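Work out the full structure, taking the sequences as your base and the hints as a guide.
For reference, the chains in residue letters:
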Amino acid sequence: MTGEGSGDGVVAVNGLTKRFGPVSAVEDLTFSVGPGRVTGFLGPNGAGKTTTLRMLLGLVEPTSGTATVDGHRYSELSHPARVIGAALEAASFHPGRSARDHLRVYAPQAGVTDARCDEVLDVVGLAQVARRRVGGFSLGMRQRLGLATTLLGDPQVLVLDEPANGLDPEGIVWLRGYLRHLASEGRTVLVSSHMLSEVQQTVDDVVIISRGRLVHASPLAELAARARRSVVVTSPDHEGLQRLVTHRWPTHGTDPEPAPGRVELEGVTAAEVGAAAHAAGLELHELSVREVALEDVFLEMTSAAPAHEEVAA
Amino acid sequence: MIAALRSEYRKTVTTRMWWVLLLAMAGYMAFLGGSMAVALAIDPTAGTGAGDPDVAVTIDPVDLARTVYSIAVTFGYVFPAVIGAMAVTGEYRHQTLTPTYLADPRRGRVLVAKMVATLPVGLVFGVAGAVSTVAAGAGALMLLGESPMLGEPEVLRTIGLSVLALGVWALVGVGFGAAMPNQVAAIVVLLAFTQLVEPLARVFLAVFEATAHVAKWLPGAAGEAVTGASFFSATGMHDLLPWWQGLLVLLGYAVALGALGSLTTLRRDVT
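Line by line, the protein sequences are chains F and H.
Each residue of the first sequence is one higher than the one before, starting from 484 at the first, in my numbering.
Each residue of the second sequence is one higher than the one before, starting from 1258 at the first, in my numbering.
By construction, these hints were calculated from the structure, which means they are not laboratory data.
Hints may be right or wrong, so weigh each one.
To be verified - Listed next, with one range per pair, are the computed distances between beta-carbon atoms:
| # | chain 1 | residue 1 | chain 2 | residue 2 | range |
| --- | --- | --- | --- | --- | --- |
| 1 | H | G1509 | F | D687 | 52 to 60 Å |
| 2 | F | G669 | H | G1417 | 54 to 62 Å |
| 3 | H | G1509 | F | S667 | 55 to 63 Å |
| 4 | F | N528 | H | H1470 | 55 to 63 Å |
| 5 | H | A1516 | F | S558 | 19 to 27 Å |
| 6 | F | E653 | H | N1439 | 34 to 42 Å |
| 7 | H | G1402 | F | T596 | 53 to 61 Å |
| 8 | F | T596 | H | W1501 | 41 to 49 Å |
| 9 | H | W1501 | F | D597 | 37 to 45 Å |
| 10 | H | W1501 | F | T549 | 47 to 55 Å |
| 11 | F | G594 | H | N1439 | 29 to 37 Å |
| 12 | H | P1377 | F | G594 | 18 to 26 Å |
| 13 | H | D1496 | F | S558 | 43 to 51 Å |
The structure displayed is predicted, hence computed values, not measured ones.
For each residue, glycine too, the CB sits at the ideal point set by N, CA and C.
Here it is, written out as structure tokens:
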């Protein structure tokens, strides 16, 4: 060993840019991902997530900027599988090869034996189908095999592109637990997704990009703080409700086009509204708390980004 | 490099394609060896075209045996070439290039490993091609009352060198696959070139004195030169390079195509 694999496990992206002709797929992207945490790499489809990951993995040459693991470019790693394991898409298998043989093909460069191949198949729950040809695998099984491939060299850093695609609900629960487990071992786990809700229960940090640019990077909690909470109130007494709201909370309404007999209020609790209605003798038919989902915050962020830029060639 | 070689070797033997092609080659070569032995033994001028008495050359029994036994190098080299090309094109077709470059980001080394690891596979094709050609050819000669000439050192040498030539053809295939990574296109071009374009080119180039000497530099002719016998040269169409020059020319094609591939295909982004 050359000391590789005992690095800090930091993935650092610095000023990363990729242009395909006049189209800018990734533009001046900078962020870093640390060990011991699961980081969600988020953005709508076409935001440049996969291109960014492919540049990190040495598959796509950046137009400018750098992407490194442990301070090294991917192409400089002498045993990449021991440093960083990556699963990019569920289709990267020869359909005629068995799951076990797929791993055995990449085992020599990871410096591991057939026993390790069996071990990782067991970890991802594919031991029963190890000798079946991948051509007959479901998308979920392919995802598991992709994950097994990343684990071969026992790397410090894991990069998974949309790993939940095609997994059944049980598989998703398992994956969440397993990613948490990997992070708890001090590994760096970077998971891309086009939906925040898909990874919301798993990630510690989020890096959000849109149209190739960074729009937000922070711990998830910080993003969650941006999520709002509101109280929805309906009453058959339209005028009474309107009077109460105008009198008590004139500035708290959120509906741009309120429907008669229904108001949505921010910055108050359901208990306050209930007590006020009771005191005013107002009949209520609904009093409920509505979470403005984190997903909506995410969607707002990614759609508010500047329009796709055309860069002069 | 050892790891890269083991990886490439495993890629070939863990799929079924190699033995499907191997069986196809053995069957095709047995058919050609047998029928060519019959044709040449009955009419030694067969295959020269019109049986034109000016062109027709009677072949002596040793040359006849060598011509028959090297038929795998004359017509069957497309099989090791295809298995070699598929070592590269298959990675594109099944998108396994991504995990391959993840396992080893040094792309030049991956290509060299593919070439080196494909050589033994090519030699296995060579053995299969030679054995089935010789078995069918010798059998047909004996049935016709001719001697199979299997005791002649020159004949044995031709058989041995035909195995080598077919092995090197697998390397040419790897180089070609690197230069043309689209699997369907690569296989179509290989089939067209080896089965139609080169044979026709050799016939037409031989017609004119100015171009007659060009034919022996074509890859198929170079492969035949390795064995020292050729269906085309035995029929008087054109001469061959010395065996070692033939080997170098064939290796040169493999290296040149591989270099072309590393300047083009290997530099592309893998998306």
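Could you check the hint for me, namely that P1377 of chain H and G594 of chain F are 18 to 26 Å apart, CB to CB? 23 Å, holds
Using the C-beta atoms of G1509 of chain H and D687 of chain F, is the stated range 52 to 60 Å upheld? Roughly 57 Å apart at Cβ, these two residues keep to the hinted range, so it holds.
Taking the beta carbons of W1501 of chain H and D597 of chain F, is their distance inside 37 to 45 Å? 42 Å, holds
Hint says 47 to 55 Å; check whether the CB-CB distance for W1501 of chain H and T549 of chain F agrees. Check passed, 49 Å falls within 47 to 55 Å.
Does the Cβ pair A1516 of chain H, S558 of chain F satisfy 19 to 27 Å? For A1516 of chain H and S558 of chain F the Cβ distance comes to about 20 Å; the hint holds.
Taking the Cβ atom of N528 of chain F and the Cβ atom of H1470 of chain H, is their distance within the range 55 to 63 Å? The hinted range 55 to 63 Å holds for N528 of chain F and H1470 of chain H, with Cβ atoms some 60 Å apart.
Quick one: are G669 of chain F and G1417 of chain H within 54 to 62 Å, going by C-beta? 59 Å, holds
Cβ-Cβ distance between G1402 of chain H and T596 of chain F: within 53 to 61 Å? The hint (53 to 61 Å, Cβ to Cβ) holds, given that G1402 of chain H and T596 of chain F are roughly 58 Å apart.
Mind checking the hinted window 43 to 51 Å against the Cβ distance between D1496 of chain H and S558 of chain F? This hint holds: roughly 48 Å between Cβ atoms.
Check the following: the C-beta atoms of G594 of chain F and N1439 of chain H are separated by a distance inside 29 to 37 Å. 33 Å, holds
Go ahead and decide if the range 34 to 42 Å is satisfied by the Cβ distance of E653 of chain F to N1439 of chain H. 40 Å, holds
Cβ distance range 41 to 49 Å for T596 of chain F and W1501 of chain H, holds or violated: Since the Cβ atoms of T596 of chain F and W1501 of chain H sit about 42 Å apart, the hinted range of 41 to 49 Å holds.
Checked against the numbered hints given earlier, the structure satisfies every one of them.
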